[in-house]
Amino acid sequence: MKKIELLAPAGDLERLKVVLLYGADAVYVGGEKLSLRANATNFSLDELKEGCTFAHNLNKRVYLTTNIVFHDKDRKGMEEYIKEVIDCGIDAFIVSDLYLAKYIIDNYKEVEVHISTQDSITNISSAMFYRDLGASRVVLARELSKGEIKEISSIPNLETEVFIHGAMCTCFSGRCALSNYVTNRDANRGGCAQVCRFAFDYDSNDKFTLATKDLNMAIFIKDLIDIGVSSLKVEGRMRSLYYLATVIGSYRFLIDSIYDGTLTDEKLLEYQRRLDSVANRDTTSQYFNHLADETDQYYTGRQEVSNQEYLGLIIGYDEKMKSIVLKERNYFKVGDEVEIFTPNGEIYPYKIETIYNEDNEKIKVARHPEEILKLPFDTRLIPYSMIRLIKKG
Amino acid sequence: MKILGVIRDNNYLEYLKYGLDGIIFPLENFSVDYFKYYSISDIENYKKNTDKLVFVVINKMIFNSDLDNLLEILKKLETLKVDGVFFYDLAILNLVKENKLSLNLIFNQTHMVTNSDTINLYYDLGVKGSYLSNEITKDEILNIRHNTKSDLFVLLLGNPVIAMSRRNLLTSYFANKNKSKSAIITIKEPKSGQEFLVKEDNNGTTFFYNKRLNLSNIYKELVDCGLNYGIVEQGNYSYNEYKDLIAAFVNFNKDKIDELAGHNRGFLYRETIYKVK
Numbered sequence: 074m075k076k077i078e079l080l081a082p083a084g085d086l087e088r089l090k091v092v093l094l095y096g097a098d099a100v101y102v103g104g105e106k107l108s109l110r111a112n113a114t115n116f117s118l119d120e121l122k123e124g125c126t127f128a129h130n131l132n133k134r135v136y137l138t139t140n141i142v143f144h145d146k147d148r149k150g151m152e153e154y155i156k157e158v159i160d161c162g163i164d165a166f167i168v169s170d171l172y173l174a175k176y177i178i179d180n181y182k183e184v185e186v187h188i189s190t191q192d193s194i195t196n197i198s199s200a201m202f203y204r205d206l207g208a209s210r211v212v213l214a215r216e217l218s219k220g221e222i223k224e225i226s227s228i229p230n231l232e233t234e235v236f237i238h239g240a241m242c243t244c245f246s247g248r249c250a251l252s253n254y255v256t257n258r259d260a261n262r263g264g265c266a267q268v269c270r271f272a273f274d275y276d277s278n279d280k281f282t283l284a285t286k287d288l289n290m291a292i293f294i295k296d297l298i299d300i301g302v303s304s305l306k307v308e309g310r311m312r313s314l315y316y317l318a319t320v321i322g323s324y325r326f327l328i329d330s331i332y333d334g335t336l337t338d339e340k341l342l343e344y345q346r347r348l349d350s351v352a353n354r355d356t357t358s359q360y361f362n363h364l365a366d367e368t369d370q371y372y373t374g375r376q377e378v379s380n381q382e383y384l385g386l387i388i389g390y391d392e393k394m395k396s397i398v399l400k401e402r403n404y405f406k407v408g409d410e411v412e413i414f415t416p417n418g419e420i421y422p423y424k425i426e427t428i429y430n431e432d433n434e435k436i437k438v439a440r441h442p443e444e445i446l447k448l449p450f451d452t453r454l455i456p457y458s459m460i461r462l463i464k465k466g
Numbered sequence: 005m006k007i008l009g010v011i012r013d014n015n016y017l018e019y020l021k022y023g024l025d026g027i028i029f030p031l032e033n034f035s036v037d038y039f040k041y042y043s044i045s046d047i048e049n050y051k052k053n054t055d056k057l058v059f060v061v062i063n064k065m066i067f068n069s070d071l072d073n074l075l076e077i078l079k080k081l082e083t084l085k086v087d088g089v090f091f092y093d094l095a096i097l098n099l100v101k102e103n104k105l106s107l108n109l110i111f112n113q114t115h116m117v118t119n120s121d122t123i124n125l126y127y128d129l130g131v132k133g134s135y136l137s138n139e140i141t142k143d144e145i146l147n148i149r150h151n152t153k154s155d156l157f158v159l160l161l162g163n164p165v166i167a168m169s170r171r172n173l174l175t176s177y178f179a180n181k182n183k184s185k186s187a188i189i190t191i192k193e194p195k196s197g198q199e200f201l202v203k204e205d206n207n208g209t210t211f212f213y214n215k216r217l218n219l220s221n222i223y224k225e226l227v228d229c230g231l232n233y234g235i236v237e238q239g240n241y242s243y244n245e246y247k248d249l250i251a252a253f254v255n256f257n258k259d260k261i262d263e264l265a266g267h268n269r270g271f272l273y274r275e276t277i278y279k280v281k
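Chains as they are written, first to last, in the working numbering: chain V, 74 to 466; chain W, 5 to 281.
If you're looking for bench data, these hints aren't it; they were derived computationally from the structure. Don't take every hint at face value.
[To be verified] Only pairs whose alpha carbons sit at most 20 Å apart, straight line, appear in this in silico EDC-like list of lysine to aspartate or glutamate: (1) W:K132 <-> W:D121; (2) W:K142 <-> W:D262; (3) V:K400 <-> V:D451; (4) V:K146 <-> W:D121; (5) W:K104 <-> W:E76; (6) W:K203 <-> V:E367; (7) V:K280 <-> W:E193; (8) V:K156 <-> W:D121.
[Unchecked claim] Here chain V is said to cover these stretches of chain W; the calculated rule only asks that three of the stretch's residues, wherever they fall, bring their Cβ under 8 Å from a Cβ of chain V: (9) 65-78; (10) 108-115; (11) 119-130; (12) 140-150; (13) 174-187; (14) 262-276.
Keep in mind that this is a model prediction, so the values were computed, not measured. Note that beta-carbon positions come from the ideal geometry of N, C-alpha and C, so glycine has one too.
Using the sequences provided together with the hints, build the complete structure.
Next up, the structure:
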């Protein structure tokens, strides 16, 4: 049986490299046209080519989101663009529009077509329609229960992809134009203003809100493997490097431990905590075990918290000083207890006793984000290793 | 252009005499985004009483547990020889094809009927009608008409559907507030001042724009370009108001329509943006 795929988001080339190094099997990205995240730092053709080369060298894959609901004028240059991105080396398109899906299926046998969650596939019959059209995979609606996912995943010759982590839409994907009416930004062409996170006037005493908590399926990964899902998808092309490294690294660990039979309850709890630590909202499993209800909603404002535990990105090693070189992200000081973690899954507990600035002067406090700093450390670490705070000193 | 009604009160046969060419029936348990739903026996009753057009809406997201009943419903609608079925979920197209049912299907994916190529593809797949999204411009409507053979439907007058969720958002909200639940509420986005009706039923929650869309100003152009069907919803009009409104479309009287419905032209002249500088 094929091992389940871990699919990660990447808003730019650096994120692509980070998520693949931290254990994603495949990455999905947006290009400069036809993507539903019009305001992300989308990939140019050159970046796409570099990203595909990077991924393929690791024996991993790149999927391009081309999932806007296009209008007649968006059609201009579509065929040329499709050919150009295929020449860059992408492995699959994630498509919403039926015309575009069929156009790619009919003209390019060398790439796969995955049907976007924008099409809100909620049943066996519609999934089979897309399979018979020639799609190799369907990204299921986020509104499905375990049983419903299992039934669709039993369809022969069709892969299913399921969201496991990240922000949720309140409404069915594709069935929401709140953004169009409130901000004139087109939700279905990549301009979604996330109006479902706004507070609305309802009566003089109260606000009506409809925002949802985020999704976190860490404790159900084994169930998803057992019911035959092909790919586990993490949301968040615009998330930070640290968030992506932590989330992808955690799910990589969980998946591998499930397959090799070593996952313990303690480890599951530890990684669940790690995932919670980078979340900026509360999380639930949403529809997996019950019809989403008030426990899956927010009613006390946005409740988002910024994450302060990400201390720095390791960017090099100073042989003379036997120190790791890092770019600071958040305040830290001598006495703090931290963890240094690498894309390989190695974790080094570390107590900060000395900090050097870029001029090799000792300092006690690191308080300037983006400042280059050094910490004594015996081992050279691979690129994109990071430091997180465990306990303040 | 033929005028089709969506009726909210119980007098659906009554309105036919004022000039409606037919009625659209949202089917109970299988449709969402409407204020009143009809049973198969309502449709049978209609067919017994009139030769006018009858269209049925099946636009909810279909779940596996719905599929058996859905097939039976589609077979009944075939027997009833309805003039068309507005569908959202591709399960309907798949079931109609698989079972070789003789049903005229209308592509009705609320916000996603926005371009000529996709409409033409559906046409080639046997879907001979398309209900255009409310979020496209007048020029886009005319361009689609020019580029497609599909029968085209537009909402001439009514409260546009804005969003649909599987969540019971009113139940959840009122439970959290420990208040008794209302089935419909009005909310307002404070910065833009836009108001929405929020309605919950067994299939989830729908958001409607609280300003009626009124395309009276381009009605003649729509007729001239060959647009096939215009939909006029009753909404919260009284019997007499709705009767007058139907008459004002049938014997076209723009001033009367605007007097009754206001001047919200929606996105006819307002293109949505999606790249924010």
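Hint by hint, here is what the structure shows:
{"no.": "1", "hint": "W:K132 <-> W:D121", "result": "holds, 14 Å"}
{"no.": "2", "hint": "W:K142 <-> W:D262", "result": "holds, 18 Å"}
{"no.": "3", "hint": "V:K400 <-> V:D451", "result": "holds, 18 Å"}
{"no.": "4", "hint": "V:K146 <-> W:D121", "result": "holds, 11 Å"}
{"no.": "5", "hint": "W:K104 <-> W:E76", "result": "holds, 13 Å"}
{"no.": "6", "hint": "W:K203 <-> V:E367", "result": "holds, 17 Å"}
{"no.": "7", "hint": "V:K280 <-> W:E193", "result": "holds, 10 Å"}
{"no.": "8", "hint": "V:K156 <-> W:D121", "result": "holds, 19 Å"}
{"no.": "9", "hint": "65-78", "result": "holds (count 6)"}
{"no.": "10", "hint": "108-115", "result": "holds (count 3)"}
{"no.": "11", "hint": "119-130", "result": "holds (count 7)"}
{"no.": "12", "hint": "140-150", "result": "holds (count 4)"}
{"no.": "13", "hint": "174-187", "result": "holds (count 6)"}
{"no.": "14", "hint": "262-276", "result": "holds (count 3)"}
No hint from the list above goes unmet by this structure.
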